[in-house]
Amino acid sequence: MSGPVSPRLLRSLLPPLSLAAILIAIFYLQPRTMSYFGLNLLLNLAVPIALATIAQMFILCVNELDLSIGGFVSLVACITATWLHDTPLLGVAALAGLIAAYAGLGALIHLRNLPSIVVTLGMSFVWLGLAVLVLPTPGGKAPDYIRALMTLKPALVPFPIIAAVGLALVVHLFIMRSAWGTVLRGAGGNPRSLERAGWSLLRIKMTMFALAGFFGVLSGMALVGLTTSADANIALRYTLLSIAGVILGGGEFVGGRISPIGAVIGAMTLALAGSFLSFLRLNPDWQIGAQGAILIIVLALRVLISRAETRT
Amino acid sequence: MRIKAKATVLATVGAMAVMAGQGVLAETADKRIALSNNYAGNSWRQAMLRSWEKVTGQAVADGQVAAADAFTTAENQVTEQAAQIQNLILQGYDAIVINAASPEGLNGAVKEACDAGVTVVSFDGIVTEPCAWRIAVDFKQMGKDEVLYLAERLPDGGNLLEIRGLAGVFVDDAISAGIHEGVAETGKFEIVGSVHGNWAQDVAQKAVAGILPSLPEIVGVVTQGGDGYGAAQAIAATGRDMPVIVMGNRHDELTWWKEQKDANGYETMSVSIAPGVSTLAFWVAQQILDGQDVPKDLTVPFLRIDQDTLEDSLANTEAGGVANVEYSLEDAKGVIAGAM
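Order-wise, the sequence lines are chains A and B. According to this note's numbering, the residues represented by the first sequence are 6 to 317, in order. According to this note's numbering, the residues represented by the second sequence are 33 to 372, in order.
Derived by calculation from the structure, the hints in this document are not laboratory data. Among the clues, some could well be false.
What the hints assert, rightly or not - Facing chain B, a subset of chain A residues (Cβ under 10 Å, in silico): (1) R37; (2) L46; (3) K146; (4) I239; (5) L246; (6) A276.
Claimed, not checked - Derived Cβ-Cβ restraints for the label pairs, each shown as a range: (7) A:V97 x B:A61: 52 to 60 Å; (8) A:L245 x B:D147: 29 to 37 Å; (9) B:D147 x A:V175: 25 to 33 Å; (10) B:G149 x A:M39: 17 to 25 Å; (11) A:L206 x B:G73: 42 to 50 Å; (12) A:P21 x B:G149: 29 to 37 Å; (13) A:V308 x B:D62: 44 to 52 Å; (14) A:L34 x B:A98: 14 to 22 Å.
Said to hold, decoys possible - Listing some non-contacts, in silico: residues in chain B with all C-beta distances to chain A over 12 Å: (15) I121; (16) A168; (17) D363.
Don't be surprised by glycine CBs; every beta carbon is placed ideally from N, CA and C.
All chains should be built: construct the whole structure from the sequences, respecting the hints.
Written out as structure tokens, the structure is:
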């Protein structure tokens, strides 16, 4: 019953194929995008989304869900545009404190056995409130080095592509290839056996949440580097985008099944889907629905492939 | 025969257009202008988009510009609109007219547009990036105008009730600051009460009904728009003498005013910003593309309705909507000249 291509291969090929399909469609609709300048504009806002998606992936990996990442990235953006710019030391301390707070959330969720959805939903309001306190009215200024990094124009390959490939490879090597990564993933896949083997689940959860916090911080900084200033509501959409990005890239809500390369590709695909729909001149009332439809189509394809997988 | 007739008509239309625009139109005939809008969920924004469609549709038909397309983001989010602006750059528009989701958050995308040689004009929700043009609303002056009108109407002065907007929004602070400045300058009035009406009739009605029993006699009510009808209902329910309530161009406010005017000669005025300001931004963008020297900061004229213009304005305002006016190329030139 197995066809010429094995379902397992098809499954891992699905995210890059969907990205390629949407990219080709965009090139066809708007040939102007097929240039260094075009790709740069098309993809630069996908970089912070990809970072937030990686953050979400770490949380999903240990079988939890983070509904606060959008608010968290907004808060980081506000701190980056104010404290990190005006008093770098205070800014760095605040950002480090935020990562520690994320690790603390991981500990809280693990020790008290709380549902992460409830905890992070509550935290999303805390982050948003803090963001408004830090930056009551939109404004602030991106530190020059971040702005310079995000507007870098390297020769030949646009910066967003280099950033995305680099991000995907680094996280892939760490979580999929290193011994440490295997243990961390195991905590999501089979926590009981890991605990029996003598690992501290508490420390693993805290590590994963801290990693998520770290990438959330990078996301917020990258975002401010692009927008030049911040707004307390700047990244609220990232919560849904990051979850959809992980799933689109081949991850699953069941812990342990993740793919960093897929997650980055998923984030890129989602960001491009928005541009694709706007190049199509689709009525905005339909755009959210159409974005959802793209997601459903890809997921439906995956279910079909999974079915073929179990049959062989 | 038919083709010939059509050609004659076209030639006539073309000649008329050139005459109307004093021959400067050819310069922008191949230019394309896009509208980037962050929100379309209330009657003001709907009217704004309709005005854009009407005026720019005509401009495209007249050959003044090649295209003028409106884009609204699916969600009212900064990141969405930044991506939308970048997409518009890629689509090769010569100018982008923006009603922004955030005054600061879009600066990166606006800078990208300027660097790519695209003219950016922001209005209503303006952006602070220095390379963009801004057509801003002087809300403070609007508040002050209300008090100046009252000072003219009520030479003896008296007590005023102030209805404010949504707490924490800068528009509310600006209008209120203007009102207080006007009160201090004229020296005739005292604001004896202040409530938040959230720019909504039902909220304003409840708030005014709540504070009225504690107030002395009031001669005027200064408002921010959207709250005048609710205030009138609350005051009417107590049987007090009706003070002069400044209205905010909403259909229900104008309707009530008209009823009172017919019944007992009630006199007031109404002021707000016309949603058609989008068309002013369009013409400003067209003028910039045409090579005209346009100052970076322009101010939107208010749409003021007085006793004698009430009937006309009401007739042109649809139920549930807000009074509107569409701007012409001449109006835009006037605004630009005024800012020079």
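* Supplied contact hint for A:I239, tested at 10 Å Cβ to chain B -> holds (5 Å)
* Is 25 to 33 Å right for how far apart the beta carbons of B:D147 and A:V175 are? -> For B:D147 and A:V175 the Cβ distance comes to about 30 Å; the hint holds.
* To do: Determine whether the Cβ-Cβ distance between A:V97 and B:A61 falls within the hinted range of 52 to 60 Å.
  => holds (55 Å)
* Is the gap between the beta carbons of A:L206 and B:G73 within 42 to 50 Å? -> holds (46 Å)
* Range hint compliance [Cβ, A:P21 to B:G149, 29 to 37 Å] -> holds (34 Å)
* For the hint on A:L46, does the least C-beta distance to chain B fall short of 10 Å? -> holds (4 Å)
* **Outcome for the supplied range 14 to 22 Å, where the beta carbon pair is A:L34 and B:A98** => holds (19 Å)
* 44 to 52 Å as the expected CB spacing between B:D62 and A:V308, which holds or is violated -> holds (50 Å)
* **Cut-off 10 Å, beta-carbon criterion: hint that A:R37 touches chain B** => OK, holds: A:R37 within 10 Å of chain B, min 5 Å.
* Asked: Any CB of chain B closer than 10 Å to the CB of A:A276?
  -> Holds. Min distance 7 Å.
* Against chain A, does B:A168 keep a CB gap of more than 12 Å to every residue? -> The assertion about B:A168 holds, with a minimum of 15 Å to chain A.
* **B:G149 versus A:M39 beta-carbon gap, inside 17 to 25 Å or not** => Hint holds: Cβ distance 19 Å, inside 17 to 25 Å.
Going through the hint list in order, the structure does not satisfy hint 15, though it satisfies all others.
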